[in-house]
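Chains as they are written, first to last, in our numbering: chain A, 1 to 372; chain B, 373 to 767.
Pulled a few chain A residues facing chain B out of the computed Cβ check, cut under 7 Å: (1) Ser266; (2) Phe273; (3) Ala276; (4) Gln288; (5) Thr313; (6) Leu314; (7) Arg362; (8) Phe365.
Here are a few chain A residues that sit away from chain B, every Cβ distance over 12 Å (derived from the structure): (9) Asp8; (10) Asp17; (11) Arg18; (12) Arg24; (13) Trp130; (14) Thr160; (15) Val188; (16) Thr194; (17) Gly196; (18) Thr197; (19) Ser297; (20) Asp320; (21) Thr336; (22) Glu338; (23) Leu346; (24) Asp349.
For the record, the hints were derived by calculation from the structure and aren't laboratory data.
All residues carry an ideal CB built from backbone N, CA and C; glycine is no exception.
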Amino acid sequence: MRFAADEDEVMIEDMLDRALQNARNAAERVDGYAPRPDAAALRVQLAELGLWGAWLPEAAGGFDGGPRLLMTLARGLGRVPTHHGLIGGCVIPGALLTRSAREDAHDLAARMAKGEIPVAVAVMEPGARWTRDSPTTRAEGDGSGYRLTGIKSHVAEGGTAEHFVVSARDEDGLSLFLVPADAEGLTVSTYPATDGTTWAMVRADGVRVGSSARLIGPGDGAAALDKAFTLAVFTAAAELLGSCEAALAQTLDYLRTREQFGKPLSTKQALQFRAADLHADIEMLRSQVLGAANALSSGYTRRARSDVAAAMTLAIQTGDLVGREAIHLHGAIGMTRELGIGYHLLRADILSRWLGSAEHFRERFMAEEAAA
Amino acid sequence: MNMQTGNEAAFRAEIAEFCQDNLDPAVRRQSDLGLPLAQEAALNWQSKLVARGWGAPSWSEEWGGTGWDMRKLFIFEEEMAAHGAPLVGTFNIKMIGPILQAHGTPEQKAHYLPKALSFEHQWCQGYSEPGAGSDLASLQTRAEQIGDDYIVNGTKIWTSEGHLANHMFCLVRTSREGRQQAGISFLLIDLDTPGVSRRPVHHFYGAHVFNQFFFDNVRVPVANRVGEENAGWGIAKALLEHERLFSARHTEARRKLGRLERLSHEVQIDGRPAIQDAQFRDDLAKRKIELRALENATMRALERLVDDGGIGPFASVLKLRGVEVNQRLDRAIVQLLGPDALPAQAAWEGGALDGIVPDEARNAAESRYWWRGPAIAGGSQEMQRSIITKHILNL
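Excised from the complex, chain A in its bound form (with noise of 0.2 Å):
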């Protein structure tokens, strides 16, 4: 297995960077922030350049692309910043839904591979933090379907998404059902996260489905969500990375043009071992990521599994050492949101908090570890 990226990854990457180039340098400033391109626009366009869904199945509108095609995707648009969604919007609902028998699963997903995003998965609760194989959320049997209760906490996208699929218990196990954002007894109430993401709280009242609205489960539900989301942090560890790289780079140019003392920071040796220490970090992380990337390739192991956890632990460590760091150097114009470089550290923290903290994933690498 390969770490350098062959001719054919060489060429999206380029064919990426130019994109997220472009939309960056389109991008206007709004509300006095540094500008951030518009997420609908240039998700539509990495679509259009077969680059949003073409990780999934072909069966749902991607080139079965893969862990390394992911991965090549969310390095690049981490380091952009844009409220992009491709975690919560196409990462998780993707592998959920192309893992039901559900006829128009596949249809939903094939819309996410052309930008869109018709679905977001609500299975996070009150008070669990990142344990999500036992809701509370009760599915009670109701003539032919379902009634759903409960309350979902935290979902990302969950303001725009068409369907919600939100996982709920009954006498069988974990089980995933897709409900349409405006199903009776459905409450959407949104918020705004601290990177200016808007979130989603979601109450289901006895919410009436229908027997097909099963998407997943009972047997396999936790299983399925623990694939989805292992994925996604797989991603997340893959974004951050491309987030250090940005963070660190606009941080050095900053470094050379930016004069004290009648001379550019640059020469300044305290500064040039900071930046040499988070280069180390950063390669380290770049190649537990491409550890993952290439375990994952191989199939969903325990050894893949583990490869993931270390990779996001790493990424959650240097991302936030390198958000930090890259505010600091810039001295105070950093800590404003009109140059943006805060950015970085506002989405680091916004991944950790949502997925898990360092903790949790050493936990999750200690346990495949041992089941090894």
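Add chain B to chain A, keeping to what the hints say.
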């Protein structure tokens, strides 16, 4: 003979079998604990390797090497380490051998290479001086040519294994004109030559690890110069790219992790095996994950070496982080052992520890102390950061 993916497993199995048949369990145990090998055991191991044709794998076949490609050399070294095979005679096999093959005269090769392979000659490296550490090019030991000889005067220090050696390859000043680097030559010195003296330099934990050499009008034949006069700097600097792959020293780190994991089942914290203690588990996970990343980084370097013929300044990243990973593993072992890391090396001879302190505690503290050195030697961590700054970040 090149390495294809298909026959890699067979090659690894071949090495495993060789170690099974030839490696004394006591020697393996010493490797696992990071203990230095006695001279006799090192010679014995080398003779077995030579008999198998594996005494100097990276050398050309003409001189007893294997002609293997980079990937196969890498797998060989990794696999030998995984089986607890000791790494012996590195100055002979990895330093002077390759240097002579690249830059030596036919006479030098014929005279020195067979003796380096058999360990009849034991080489040490004379680069550092009291006034020339990280700034190696400022070295002052001088060699003045008189007739067919150089007259060498000066001193060399931090010479690892110098007390065991009978030959030294060293850098001497042959010119004071131009750049400092342009006035350095590469000399081979027989340490039995009149005028050579040595004294031990003891490590802070007491062991005799280093040495200082003094040269008082030592006559060295001009025929013992490798390469042109004043071309020594380039010769010394061109460490084989293959060796730079091991800058991260991931095989040593892997052995340390093995020890830490064995201890995690043996040592109890609050009445339970350490592996069940949440804080220890989290710390162990950190060590395992950073080593996993380091191994992947080393594999990336191997791929780059195979593709491009070199790994360039990426070696500095490997060294910077590899030393730290090794140091943190040593620290974790000592912390887990707690009071059982109190006894010094000598304590294991007296019988006081028998049945009380686990054998895995041997050399744990000393290894931690010894590993302060690699952060300083071979280009300190700060030199590596400077290389990254200059050659990768372009600051």
